[in-house]
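With the hints as constraints, model all of the structure from the sequences given.
Protein chains in written order, with our numbering: chain X, 1 to 209; chain F, 1 to 117.
Any given hint could turn out to be false.
[Claimed, not checked] To give an idea of the chain F side of the interface with chain X (calculated C-beta under 7 Å), a few residues: (1) Ala55; (2) Ala57; (3) Gly59; (4) Ala64; (5) Ala67; (6) Ala68; (7) Ala69; (8) Pro73; (9) Leu105; (10) Leu106; (11) Leu113.
Derived by calculation from the structure, the hints in this document are not laboratory data. Everything numeric in this text was worked out from a predicted model, so none of it was measured. C-beta: ideal position from N, C-alpha, C; glycine also.
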Amino acid sequence: MDSAPWSDRSDPSVTYVPATVTRSAKIVVAGGFGVGKTTLIGSVSEVRPLRMEEPITQASAGVDDLRRAPYKTTTTVAMDFGRIHMAGGRIALYLFGLPGQSRFQPLWEDLAEGALGCLVLADTRDLDASHDALGLLDGARIPYAVAINTFPGAPGYPEEELREALALDPGTPLTVCDARDRTSSLHALITLTEYLSEHRSAALMESRR
Amino acid sequence: MSGPRRDPDMVRPYVRTQGRIRARDDVRLESVVIAATGPTDTLPPDARRVMRLFAGADGGLAVADIAAALELPPSTVRILVSSLMDSGHLTSPVPAAEDQPDFDLLQEVLRGLRSMV
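See the structure below:
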């Protein structure tokens with residue numbers, strides 16, 4: 001499958017997972033609003049990317065006495081996802097875009113559980129927007145790599161400065177990608193998966209000692 | 001009989017899932033399920049909608065695919081699918097015991113991604 005078979009949007013029917021698939025896996029793509037999560041997922045997915053929506057209820061900001069004032073608001077969180085088939089059609093890899101804001105933490109616990117790892121997308125024009133996602137991942141103990149999505153006109157910085165601004169551990173991969181480009185997006189996912197693989201073998205070695 | 005009043009926000013998903021409030025641990029967003037057997041005419045409406053998606057299908061669907069197709073929240077679909085697996089209407093493509101270790105899965109995903117570039 002070298003072209004995107006979902007590009008023919010005239011067929012609205014459900015795209016079934018081939019009967020050859022016996023195993024599925026999940027990678028989460030996180031980051032702030034507008035950072036390119038959906039673009040990256042769409043550029044690598046073999047099926048038309050889909051959207052699901054989860055309503056979440058949260059206490060309104062500024063209300064601190066919940067006994068007296070149970071004001072709540074319901075927000076709908078939209079999550080886009082795509083799918084890649086591999087290993088001769090035995091494995092379906094799902095890519096889920098999850099919003100990185102820390103107020104979505106309960107949602108994360110539910111939806112990111114069992115993920116192989118996470119690719120955090122960042123925009124050099126708004127690096128602060130990545131902090132929430134990084135905090136959520138550290139809290140949930142989900143291993144991650146960071147990819148700077150290169151927007152035209154966005155400032156470039158030396159890697160050292162970016163690492164410092166994002167407060168990354170020395171071992172955390174930091175790469176650059178163009179989320180609109182399939183190959184570039186795949187390379188970012190490969191960087192993440194290589195790291196996950198090293199991470200896992202180190203953990204395996206540790207557990208055998 | 002009377003306990004603390006339930007949060008009104010809880011009513012809708014609770015009704016939708018016929019009393020079940022927790023998903024099985026092995027039913028996640030990416031979990032693929034296929035149709036098994038069993039009469040569906042006695043199922044509650046949302047469960048029947050799930051089963052109707054599988055009518056005539058020669059493949060499976062992940063929880064997320066079902067949530068997108070039926071426009072239901074993924075948290076609700078996780079619970080619906082859990083119930084339908086317990087009742088035998090849906091099943092997973094391979095028994096959980098045959099799952100390969102995660103490390104092998106990672107290696108296969110890495111190989112798969114590399115083969116695409």
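Comparing the hints with the structure gives:
{"no.": "1", "hint": "Ala55", "in the structure": "violated (11 Å)"}
{"no.": "2", "hint": "Ala57", "in the structure": "holds (5 Å)"}
{"no.": "3", "hint": "Gly59", "in the structure": "holds (3 Å)"}
{"no.": "4", "hint": "Ala64", "in the structure": "holds (5 Å)"}
{"no.": "5", "hint": "Ala67", "in the structure": "holds (4 Å)"}
{"no.": "6", "hint": "Ala68", "in the structure": "holds (4 Å)"}
{"no.": "7", "hint": "Ala69", "in the structure": "holds (5 Å)"}
{"no.": "8", "hint": "Pro73", "in the structure": "holds (5 Å)"}
{"no.": "9", "hint": "Leu105", "in the structure": "holds (6 Å)"}
{"no.": "10", "hint": "Leu106", "in the structure": "holds (5 Å)"}
{"no.": "11", "hint": "Leu113", "in the structure": "holds (5 Å)"}
Going down the numbered hints, you'll see the structure goes against just number 1.
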